[in-house]
Every structure is written in C-alpha cells, then in structure tokens.
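Heads up: the protein sequence lines correspond to chains V and R, in order. Residues 1 to 586 (our numbering) are what the first sequence spells out, left to right. Residues 1 to 345 (our numbering) are what the second sequence spells out, left to right.
It should be emphasised that the hints constitute simulated quantities derived from the structure, not laboratory data. One thing to keep in mind: the hints can contain errors.
Unchecked claim - Looking from chain V toward chain R, a few residues come up when the C-beta cut is under 10 angstroms (computed):
hint	residue
1	Thr52
2	Thr235
3	Leu277
Stated by the list, open to error - Computed from the model, here is a short list of chain R residues facing chain V with C-beta under 7 angstroms:
hint	residue
4	Val156
5	Val158
6	Ala163
7	Ala243
8	Val321
9	Phe324
10	Ile327
11	Leu332
What the hints assert, rightly or not - Label-pair distances were calculated between CB atoms; the ranges are:
hint	chain 1	residue 1	chain 2	residue 2	range
12	R	Pro113	V	Val126	46 to 54 angstroms
13	V	Pro139	R	Val150	43 to 51 angstroms
14	V	Pro139	R	Ala317	26 to 34 angstroms
For glycine and all other residues, C-beta sits at the position ideal for the given N, C-alpha and C.
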Amino acid sequence: MRRQLPLAVFIALLAAGPLLLPEFSITLLNYIGLYAIVAVGLVLLTGVGGLTSFGQAAFVGIGAYTTAWMTTAHGVSPWLTLSIGLVVTAAVALFLGFITLRMGGHYLPLGTIAWGISLYFLFGNVEFLGGHTGITGIPPVSLFGWEMKSGRDFYYLIWLVVLLAILALRNLLDSREGRAIRALKGGAVMAEAMGINTPRAKIVIFLIAALLASISGWLYAHLQRFVNPTPFSLTQGIEYLFMAVVGGIGHVWGAVLGAGLITVLKQWLQDWLPQILGQSGNFEIIVFGVAVVLILQKARDGLWPVILRLLPAPSRQRAVPQAPALDRRPAPPAGTLLLEANGVTKRFGGLVANNNMSLTVRAGEVMALIGPNGAGKSTMFNCISAVDPASEGKIAFLGASTASLAARDIASRGMSRTFQHVRLLGQMSVLENVAIGAHLRGSRGALAAALRLDRAEEQRLLAEAARQIERVGLAEHMFDAAGSLALGQQRIVEIARALCSDPCLLLLDEPAAGLRYREKQALAELLRRLRGEGMGILLVEHDMDFVMGLADRVVVMEFGEKIAEGAPEAVQRDPKVLEAYLGGVE
Amino acid sequence: MDLQILLLLGQDGVTNGAIYALLALALVLVFAVTRVIFIPQGEFVAYGALTLAALQAGKVPGTVWLLLALGTTVALLDGVRLLREGRFRKLPPLLIFNVGIPLLCAGGLFVVPPTQLPLWAQVAVSMLLVVPLGPMIYRVAYQPLASASVLVLLIVSVAVHLALIGLGLLFFGAEGSRTPAFTEISFELAGAPLQGQTILVIVASALLIIGLYFFFERTLYGKALRATAMNRTGARLMGIPPALAGQLCFTLAAAIGAFSGILIAPITTIYYDSGFLIGLKGFVGAIIGGLASYPVAALGAALVGLLESYSSFYASAFKEVIVFTLIIPVLLWRSLTTKHVEEEE
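Take the sequences, apply the hints, and build the full model.
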C-alpha cells in the first residue's frame, strides 16, 4: 500500500486544486493536463515502441478543428464531434501510418515533420476553417445541463482524462498486447519469430497516440472556445516530444512531469527572457533546445527516474501465477515427417551461403546440424524459420510449403526457435520474456487490455510461462530481470520462451554454448524428455559430446553444403567429416 | 499560362532547385558519415545570408558572439582533456582555431567598418563567421552522443535547430533582409528576362558540386569521409578518427549552407526562420535519393524547386502543402521498393 501513497497524495492535491489556487494557476494546470495527454501518447509511441513522431500537434489540430468547425457551422453537439474527431484522426493516422511505419528508423520522424508542416499550412489556408484567423464562438461543453464555461469547470474534465489515459496505458503495457508492443524495441526478428505481427503492433500504438492527441485537441477547442493554426504547428509538435524526453520517455508519469516542467518553465522564461534580452520573441526555445541536448547527453532517461529513486521501491511480484492450462495443439504422432527441406540454396549477392541443402526432421527425434564455423548452419536456420527466406529450393513444414509464409505464420503452425545471439528484453522479467512466447495462444487485444477485460486469459498465459520456466529449471529466477542472468541461463530462457508457444518442432541454435557441465547435462535431460513427448528438435551445436550423446541423426555441413548424414557413430567415422574438422592428411 | 511565364517560373524553379540540391548533398553527406539527420542545415543558410546583410548594413552581426561563446566552450571541453592527458602540443591549434580566429574576426569588425570592404571580402568574412559554427556545434552537441541511435541524434538535431532559431531571432531581429544583387547583368531568353544573378546561382552551384566531386574522389580527406560513410568501424580501424570525420563533414555542411544563403540572399528576402523550410525542401530532395545517392538527391531537389515554383503560380497559398505532401508518395514508393534492414539497438 505504501507504493500507492504518492499517487493518492497527488490525486488529492489535484482534486483540491480548484478550491485553493488562483485563476492563473488553474489555467496553467489545464494546459499542463492538455499537454500531458499528448505526451502520454508519445511515451507509448516513442518510449515503449521506439517510434518517433514530431507531428502529434497536427493530430491535436485535427481533433480541435473537427469540433470547432462542426459545432459552429453545423451546430452539432460537442459530444458527437468528439467521436467524429476521433474517427477522422484514426483515418488520417491509419493512412500516414501505413505509408511510413513500414519503413525503419528515420523515415517515420521525417514523414511526421512533413505532414506536421502540411497540415499546419492546410489549417491556415482553407477558407471554411477560417484561415489564419481561425474559428471563434465554439460552444462550451455541457453535461446534464451543466455548462463548463470557466477553466475551473473544465479542470476536472481535463485531469480525469489525463488519469484515465495513464491508467489505460499502464493496463495495456501489462498485458499480452503490451508485451508485444514492448517486444518491438528488441527488434522485429525476435518478435516475428514469436508470432507477433509487428507492423500491426506499430499501427496500434501509432493510432493510440494519435487518438490521445485528438482528445487533447477537442478539450483544447472547448476550453479555449477559439482555434487558430498556431498551437498545431510543427514547433508545438516538437515541444510535445521534448516534454516526453525531459520527463522521461520510458515512463507514463514522466509525461506529466515533463508537461508540467516545460509549461511552467516556458511561462517563466516568457516573462523574464524579454526583459533580460531587451526584445520580445519566443526566446525560451533557446533554453529548451540547450536543455534537451544536455538531458540527452547526461541523463538519457529523463528526470522521472531521478524522482523514482526517492519513492519507495516497488515490491516485486513474488506469487507464481496459477491458472488452468492453455489448450494444446494436437501433437503429431512420433515418426511423422515434420520438416522437409529440399535443395535449399541461399545467396547473399555473389556469396552462396547454402548450396543445395536437404534435410528432414521427424516427430520424436533430435536432428543435429553440425559443421565448422561459417558452414552456413545459422543461415539454414533462418531459411527454415523464414526469418530470411531461401533463394531457391523447397521447404515444407507439416506437409505444406512455407515459401510464401512470414516468420509469424510459421510460428503459428507450431515451429518455434531460439537465437544464436540471445534476443531477450533485458529490462523485463524472465516471466514476461517467456510469456512473449505464448503470444499466439491468447487473443485479447489492446482495448480489452486497457479495460482490464483480459485478466482471465492473461493469468493463463502467465501461468503457462511460469510452468515452462519451472520445466527448464529457472524457477528461482522467474521475477529477475532477464538481462541480469548469465549468458548460458539467458539461452535457457530462450528455450522456455520457445516452448511457451506449444511447438511441435523446436529449432535450437547453439543452446549449450556458455553452459557449465551440470547445466549441459540438465539441458540434455530436458531435450530427451521433450523428444519422449513426441517433439521434433533441430539442433545446431558445437559441443560434440553434447551432440553425439543426444542426437538420433546428424547432418554435417561445410562451406554451405551437406558432406555427410547419418547416425552419430557413422558420421564420426566418415572420412570427409574427419577432414573437415581435423584437416586432411596429405 | 504563356511561354514567357512558363520560362520565368522555370527559371525560378531551377534557381531554387540548385540551392535545394546543394543542401540535399550536404544532408546526404552528414547522414552517411555521422548518421545525424541535420535539421539545423537550414539555419546555416539563414545565418549566412543575414550575417552578410548585417555586414552590409554596417552592423556587427550577432553570429560573432555565438562564435566566441561556442569556440570558448569547445576550447574548454577539449583543453581540459588535453591538459589531463598531457598532450600539450595539440593545445595551440585548438586555441587558435576555436578562440584565436573568432577573436580576430570580432576585433577586425570593430577596427575596420565592414561597409568599406569590397563585396568579396564581405562574403569571405561572413563565411569565416558562420562556417566554424558547424564543427563547433558537432563537438558540443553531437560528439558526446556519437554512438547513440539515429533517433536520439535526430532529437538532438531538432533541439539544436530550435536553439539556433531562437538565437537567430535574437541576433537579427524579426525583420527580413535582402542583399543587393551580385551582378546587374540581364539577358533576354525567348522574350523573358534572364537575370545574371540566376545564372550566377546555377553556375556557382554546379562549380561547388564539381568541387565536391573532386574532393571526394581525389583528396585524402575526401576519401577518409567516404570510407567512414561506408563502414564506420572499418574506417576507425584504418586510423580515421570518427570525431575528425564528424567535424569535417559538419564543416562542409556549414560551408555549403552558408554559401547557399549568400547566393540566394539577393533573390529572396531571408528571415531568421526562413532556413528551416529551405532546408526541409533540400530534405525532400535528399529523401527522394534515399539519403544515400548523391545524384538522385540532387535531381530530386531540382524537381522540388520546379514543383514549388509552378505550384506557387497556380495555388500560391498551398505552395508548402503541395511540396510537403509530395514526400508522401515518395515515401510510399520507397517503402514499397526498399528492403528494410533492421537496425540493432
């Protein structure tokens, strides 16, 4: 309960605000609230999802102008224009998102700058929107006959929205969809291999951020009762991002802190700077610019983490989630042909990494793929799991060709994998990391998560993750940050994550690397048990004792080609294999 | 629209396009070498033009103070480090470049009234005042974050851009300036007047582009920059310091920006914040080139110039909307044709 105390004090202070504070402070707090709503959206988009937008002010503008025009020109009720504004914003955001989110890195922020400018000039030049003078006479919002005409009346509405937005966002992040969103930062390859539709996850957070901005715009229009293009310019869009960065881009409360800090600082600087400098103008941007550069250089996570250290530490969740087991897919009987690769060739430009490779894996067997470094084993893995599709050849999984499938489609059919270079989200707990693997076994989306309608399913997903963690023997690390584990243990976490998706074929890329002797024995024991349950396992490994003691069949690769195949004992005596590993006898 | 107007607009478009092309080249260069999306590029255009205008009006341009302040900061930052490491021989060049030359410029401006200088000397002084800001800004703002992600560097760029805009307002005021034309010569082309200044801009841009080509193909430093652009780690292992590469390309970008500003100052009125839109149009050109190809970027920029010019005739109020909406089909096309390579954190 001590953890909730600062929040309770904050809400009590907020509630008491209008009774104690002068008009000027209320106005300031209203603006802080409006900005915080937009900044909270940016925390989700940029801080959590890793996508940057300078164009949020344009979405605020869409919300504000939609209601301004419809209420003044057509007398539509403000409550109706709120939803119309949201629909318009969603349509624009979906269109812009579809164009820019497909691209990596810097194209999205550049695109946001461009549309930020376009929409600003559009607002200023379209006649029915009042041009640069804007629209006046917007009616106040009324609720059951109560007209919110003054800032004091509006205060509660604004801060209610802020708190609801924060609550919804925190709920969302602590859910199946939330884990998918947080996985975006760990790279699309891992997320896709776990069955997450990453383009869709990006669109979802982009849409949420845009809708929050639109709500802020609607509130702004009815608070101010007047709109013109200025507050929706690119400069304001940049300022929103600054608020989130200064406050702490990874923390929802950082958005409120940043909005408050920048708004108050701006007010103060606008009073003082012109007096100091002897001319008038928006000189506060000099201070903001320098401050943001300094914050990024000295404290990249913003100011909220600094405050967080003063608050009581969060009590770590310790209770192991309990819930009925999830449904399992029907397991193919032992001996069924799971995977059949035929004549697979992979070229990188002129380099042939795999040449005419063929192999099969059956249910209930361990197939090992071995070979010297650079033989093309990981490339073969990437071809099979469709992370990087083959140039030529046929790969069939459960009898169906995988040629036109994305990695996430293959994952949904029951193939799961680990990575040679561990791909975990270091900040998240082991439990949450493993639960990402269960993504395809749940179905509740963002809205259900925000409203907490997903708890039953969520509990089952987490319980499944906990079971897999216990199965691989890492129960005592369940609530530790994944990044704090030793590298060998992190590989085991990856196996638990893969198992969490209930696969019938498991692809393991060097699972024993970095493990100690006892841990290797435990891993071998686990793999034998999985084989006994009828799972097919394709294994890339360098530790020959480990491979030879475990594998039913072995394929040996060198220079991208298969040089031998057969039972472990036969392969060990093969002269070509001996030559590849030990060098030829001249 | 008759032929005369068509030619006149075309002239306008090509002139602006030439400037955008120069800026696009600088942007591609900076991005390729340092991964910085150099939003403040436009401010160098405005600073170059307004510094020249201030000199011609007999005022001491505010850029002097910025140069002194930034130079001192750099000298302090690097000086302390050099002293600690005992590398005393590196101190004199550091001090001369960052403190000595700015002081000399400032002193010179108070001793010799700039209005008495010939035009070429005014241009030279303007360049001397503005160009060193490039490497100094790199040192102070970007170098400590050189290994950060593209997005962090982009936010830094936007912050630097805002700070420079604010300072521009402080230095030059809210009024715009236009400098007298470099040449009064005028020709006639198919009944439309062809200004000497227009030809000058195009010729100067072309010369600069050719000069850059030789710099990158023939000189050691140019090759070092190309090597860094291709493979940062590899270049570093070959003994090219990333900081040097960064400062070098920021110097080039600042020089290109300031020079572009000086070239267009007689054609359009430049305000303290005009640079941003000019720079962004260079950007649209650079994005058409995918931030990677120099010739395509230059062509894209020329296209932007022409499009802007003709749309200003048909729908002048929507000129900016049309130009910046152009980026959307371009992005769509690029997003459908480029294979996206994942950037590791």
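Against the structure, the hints come out as follows:
About 5 angstroms separates the beta-carbon of threonine 52 (chain V) from the nearest beta-carbon of chain R, less than 10 angstroms, and the hint is met. A cut of 10 angstroms between beta carbons decides the hint on threonine 235 (chain V): the least distance to chain R is about 7 angstroms, and the hint holds. The beta carbon of leucine 277 (chain V) comes within 6 angstroms of a beta carbon in chain R, closer than 10 angstroms, and the hint placing it at the interface holds. For valine 156 (chain R), the interface hint holds, since its Cβ comes within 7 angstroms of a Cβ in chain V; the closest pair sits about 6 angstroms apart.
For the restraint placing valine 158 (chain R) at the interface with chain V, the shortest Cβ-Cβ distance is roughly 5 angstroms, inside the 7 angstroms limit, so the hint holds. Here the hint on alanine 163 (chain R) is kept, as its CB sits about 3 angstroms from the closest CB of chain V, short of 7 angstroms. Annotation: interface hint on alanine 243 (chain R) violated; nearest CB of chain V at approximately 15 angstroms, more than 7 angstroms. Hint status for valine 321 (chain R) relative to chain V: holds, with the closest Cβ pair at about 5 angstroms, below 7 angstroms.
Evaluation of the phenylalanine 324 (chain R) hint against chain V yields a held restraint, the C-beta minimum of about 4 angstroms falling below 7 angstroms. Hint status for isoleucine 327 (chain R): holds, given a least beta-carbon distance of 4 angstroms to chain V, under 7 angstroms. Taking 7 angstroms as the C-beta contact cut-off toward chain V, the hint placing leucine 332 (chain R) at the interface holds, the least distance being around 5 angstroms. Between proline 113 (chain R) and valine 126 (chain V) the CB atoms are about 50 angstroms apart, so this pair conforms to the stated range of 46 to 54 angstroms.
For the pair proline 139 (chain V) and valine 150 (chain R), the beta carbons lie near 45 angstroms from each other, so the given range of 43 to 51 angstroms is met. In this structure the supplied range 26 to 34 angstroms holds for proline 139 (chain V) paired with alanine 317 (chain R), their Cβ-Cβ distance being about 29 angstroms.
The structure shown violates just one earlier hint, number 7.
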